[in-house]
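Going line by line, the protein sequences match chains A and B.
Here my numbering is used: the first residue of the first sequence is 1, the next is one more, and so on.
Here my numbering is used: the first residue of the second sequence is 1001, the next is one more, and so on.
Because the hints were derived from the structure by calculation, they are not lab data.
Each hint should be verified, as a subset may be incorrect.
What the hints assert, rightly or not - Have a look at the derived ranges for each label pair, beta carbon to beta carbon:
hint: 1; chain 1: B; residue 1: Tyr1030; chain 2: A; residue 2: Gly40; range: 26 to 36 angstroms
hint: 2; chain 1: A; residue 1: Thr113; chain 2: B; residue 2: Thr1051; range: 39 to 49 angstroms
hint: 3; chain 1: A; residue 1: Gln17; chain 2: B; residue 2: Arg1067; range: 40 to 50 angstroms
hint: 4; chain 1: B; residue 1: Thr1071; chain 2: A; residue 2: Glu73; range: 35 to 45 angstroms
hint: 5; chain 1: B; residue 1: Val1011; chain 2: A; residue 2: Met41; range: 10 to 20 angstroms
hint: 6; chain 1: A; residue 1: Gln17; chain 2: B; residue 2: Ser1014; range: 39 to 49 angstroms
hint: 7; chain 1: B; residue 1: Gly1009; chain 2: A; residue 2: Asn65; range: 13 to 23 angstroms
hint: 8; chain 1: A; residue 1: Ser67; chain 2: B; residue 2: Ser1058; range: 30 to 40 angstroms
hint: 9; chain 1: B; residue 1: Val1011; chain 2: A; residue 2: Asn62; range: 27 to 37 angstroms
hint: 10; chain 1: A; residue 1: Ser80; chain 2: B; residue 2: Ser1058; range: 44 to 54 angstroms
Said to hold, decoys possible - Incomplete in silico selection of chain B near chain A, CB under 10 angstroms:
hint: 11; residue: Val1004
hint: 12; residue: Met1007
hint: 13; residue: Phe1018
hint: 14; residue: Gly1041
hint: 15; residue: Glu1063
hint: 16; residue: Gly1094
Everything numeric in this text was worked out from a predicted model, so none of it was measured.
We treat Cβ as the ideally placed atom computed from N, Cα and C, and that holds for glycine.
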Amino acid sequence: NAGVTQTPKFQVLKTGQSMTLQCAQDMNHNSMYWYRQDPGMGLRLIYYSASEGTTDKGEVPNGYNVSRLNKREFSLRLESAAPSQTSVYFCASSEAGLFYEQYFGPGTRLTVT
Amino acid sequence: GNSVTQMEGPVTLSEEAFLTINCTYTATGYPSLFWYVQYPGEGLQLLLKATKADDKGSNKGFEATYRKETTSFHLEKGSVQVSDSAVYFCALRGDSNYQLIWGAGTKLIIKP
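I would like the entire structure built from these sequences, with the hints used as guidance.
As structure tokens, then:
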């Protein structure tokens, strides 16, 4: 069991470039999440997907889009990257209820210059 | 709205010392409470949880008791090890709005 995997691990973008962060889980979980982590601010929810075919905005959705491709995969897209999006991005999944007992991936460290 | 407040770090202790990391919350109803741990360079892992008042969550020698009267969920360990060095996050899941509310995290440094 790989758990939750994320690619890439590191990425540097120039302002205005676009990219997609990939996330996959092999635990057959219904719910998946994208967070960003900034120093001293804990985690902030960007988007989540309660089940395959649904997505909802979290606390900080502006500048991002998501796709729940199937039950396993949940991608996060930055259409036009900005320096304020420099952060560490974590994908997570859960089975036993929405936002309950989440399993996290190793993270993607993104720098926008 | 709901909120979580954790003690600021870093917290620096010697090996075998007693650990307390404070976490207090504000919430209506009956939230569930969690402690997550993040080791250097890794994602977060669930450490322990409690879903109702007076529940005690425990794992890997860590404990936390859900105290509704003091709205607290303090993390404790009797004897810390160098391998416990990590960032610890307290989180709350409301009983109506399920989105997790996260504390800012407390960095723990254990010196041999």
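Verification of the hints:
Range check, B/Tyr1030 to A/Gly40: Cβ separation about 29 angstroms, and the 26 to 36 angstroms hint holds. Against the hinted window of 39 to 49 angstroms, the Cβ-Cβ separation of A/Thr113 and B/Thr1051 comes to about 44 angstroms, which satisfies the hint. Taking 40 to 50 angstroms as the suggested C-beta distance range, the pair A/Gln17 and B/Arg1067 conforms, at roughly 48 angstroms. Take B/Thr1071 and A/Glu73: their Cβ atoms lie about 39 angstroms apart, and the range 35 to 45 angstroms holds.
Hint check: B/Val1011 to A/Met41, Cβ distance near 19 angstroms, so the stated range 10 to 20 angstroms holds. Our hint of 39 to 49 angstroms for A/Gln17 and B/Ser1014 holds, since their Cβ atoms are close to 47 angstroms apart. Hint check: B/Gly1009 to A/Asn65, Cβ distance near 35 angstroms, so the stated range 13 to 23 angstroms is violated. Here the CB-CB span from A/Ser67 to B/Ser1058 is close to 39 angstroms, well matched to the stated 30 to 40 angstroms.
The given range of 27 to 37 angstroms is respected by B/Val1011 and A/Asn62, whose C-beta atoms sit roughly 34 angstroms from each other. Restraint check, A/Ser80 to B/Ser1058: a C-beta distance of roughly 47 angstroms satisfies the suggested window 44 to 54 angstroms. Among the interface hints, the one on B/Val1004 holds; its C-beta lies about 8 angstroms from the nearest C-beta in chain A, closer than the 10 angstroms criterion. Hint on B/Met1007 is violated. Least Cβ distance to chain A is approximately 13 angstroms, over the 10 angstroms limit.
The closest approach between the C-beta of B/Phe1018 and any C-beta of chain A is roughly 25 angstroms, which is over the 10 angstroms cut-off, so the hint fails. Interface hint at B/Gly1041: satisfied, since its Cβ lies 8 angstroms from the closest Cβ of chain A, which is below the 10 angstroms cut-off. Because the closest C-beta pair between B/Glu1063 and chain A is about 18 angstroms apart, greater than 10 angstroms, the hint is violated. The beta carbon of B/Gly1094 is positioned within 10 angstroms of a beta carbon in chain A (closest approach about 9 angstroms), and the interface hint is therefore held.
Consistency with the previously given hints fails for numbers 7, 12, 13, 15, ordered from lowest to highest.
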